[in-house]
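*Asks:* Single-letter residue listing:
Number of protein chains: 2
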Amino acid sequence: MSDIALTTGTSPVKELFIKMTVDAWNTQVARLTKLFDALSDEQLATQTAPDRNTGIYLLGHLVAVTDGMLPLLGFSEKLYPQLEKPFITSPDQSGQEFPAAQELRKYWTAINAKLNEHIAATTPDEWFKKHNSVSTEDFVKEPHRNKLNILINRTNHNSYHLGQLIYLKPKK
Amino acid sequence: MSDIALTTGTSPVKELFIKMTVDAWNTQVARLTKLFDALSDEQLATQTAPDRNTGIYLLGHLVAVTDGMLPLLGFSEKLYPQLEKPFITSPDQSGQEFPAAQELRKYWTAINAKLNEHIAATTPDEWFKKHNSVSTEDFVKEPHRNKLNILINRTNHNSYHLGQLIYLKPKK
Chain A
38 MSDIALTTGT
48 SPVKELFIKM
58 TVDAWNTQVA
68 RLTKLFDALS
78 DEQLATQTAP
88 DRNTGIYLLG
98 HLVAVTDGML
108 PLLGFSEKLY
118 PQLEKPFITS
128 PDQSGQEFPA
138 AQELRKYWTA
148 INAKLNEHIA
158 ATTPDEWFKK
168 HNSVSTEDFV
178 KEPHRNKLNI
188 LINRTNHNSY
198 HLGQLIYLKP
208 KK
Chain B
38 MSDIALTTGT
48 SPVKELFIKM
58 TVDAWNTQVA
68 RLTKLFDALS
78 DEQLATQTAP
88 DRNTGIYLLG
98 HLVAVTDGML
108 PLLGFSEKLY
118 PQLEKPFITS
128 PDQSGQEFPA
138 AQELRKYWTA
148 INAKLNEHIA
158 ATTPDEWFKK
168 HNSVSTEDFV
178 KEPHRNKLNI
188 LINRTNHNSY
198 HLGQLIYLKP
208 KK
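First to last, the sequence lines map onto chains A and B.
Take 38 as the starting number for the first sequence in our numbering and just add one per residue.
Take 38 as the starting number for the second sequence in our numbering and just add one per residue.
Some hints here could point you the wrong way.
Since the list can't tell identical chains apart, any single copy or any two copies may satisfy a pair.
[Said to hold, decoys possible] Keeping only pairs whose Cα atoms sit at most 30 Å apart, straight-line, the calculated DSBU-like set for lysine-lysine is:
#: 1; residue 1: Lys-151; residue 2: Lys-206
#: 2; residue 1: Lys-178; residue 2: Lys-115
#: 3; residue 1: Lys-209; residue 2: Lys-122
#: 4; residue 1: Lys-208; residue 2: Lys-122
#: 5; residue 1: Lys-56; residue 2: Lys-151
#: 6; residue 1: Lys-56; residue 2: Lys-167
Hints in this document: simulated from the structure, not taken from any laboratory.
Using the sequences and the accompanying hints, generate a full structural model.
*Replies:* As structure tokens, this is what we get:
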């Protein structure tokens, strides 16, 4: 499989599956946004299940993970590097101080808008280039470890936590 | 965007994208399988959170949804059409009788093995053909509604419920 053949030139099929991948990402972000908007700060402060992550921790976690995509995809530095410690390297209930829910809601909107700008500006060829946590040597052998693959994996990560956050919504 | 250009011929990028999509599917199925294997029948019988779906309902639901992919992708008839009523059209706790957990565990293994056989036998061109719940007319305008897109969406569906099923595992 030639690296040149993979990363240069456009083709309808390449554009089509970039659309499929970006659509799937947008669908999960829209579902999360709709849910966050429907939940009060008080609801966000509660646990998704007994002794499990709170809504606010998961909101901060999803903001921080989405923020981490900016450098990983070579787009920019993180917007909120201060969120890594409380929401990625520390578990919930570890005594870390969290920003207020209202702040985290703004970050969620802002980080997704910023990422969307970069996604819209990414050329088809660029999606098939390596992301920043794989070496050039490994990428030659494993060309699937490209930027689009990060988007696929993070879409599933969003779905995973959406399944938990939905438990904050009162049952009808 | 020419339909002919999309659905005929192979290209490294097409094969790469199919690999990325199938890998993501396999990753989520493997995580679910590992979790089901780690849970006892008694654990599966409990609710994932208070007043939420039980593990056994979600196991049956995921078997039934995976089974539904066989006709949707044009592979075959369903193996377990009897699961649609208790696990798709009915919610949990609706009085429907469930097969025993041991049976559903066997179905989970069998349906994924069967689907994997079909996935392995599907040509790159075939993945970009329409699935069976979109009309030929609509597919001309919306070529992203292809078989590969079903696999992307069902991978996220598996992730969503994995996030809930993980709550059945005792916290360390």
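*Asks:* Are the hints correct? Go through all of them and say.
*Replies:* Status of the hints after comparison with the structure:
1. Lys-151 / Lys-206: Within one copy, since 28 Å is at most 30 Å while 36 Å is not.
2. Lys-178 / Lys-115: Within. Shortest intra-copy distance 29 Å satisfies the 30 Å Cα cut-off; inter-copy 38 Å does not.
3. Lys-209 / Lys-122: between (36 Å within a copy, 21 Å between copies)
4. Lys-208 / Lys-122: Classified as between: cross-chain Cα gap 22 Å, same-chain 33 Å, threshold 30 Å.
5. Lys-56 / Lys-151: both (18 Å within a copy, 29 Å between copies)
6. Lys-56 / Lys-167: Classified as both: same-chain Cα gap 19 Å, cross-chain 16 Å, threshold 30 Å.
Violated hints: none; the structure is consistent with every hint.
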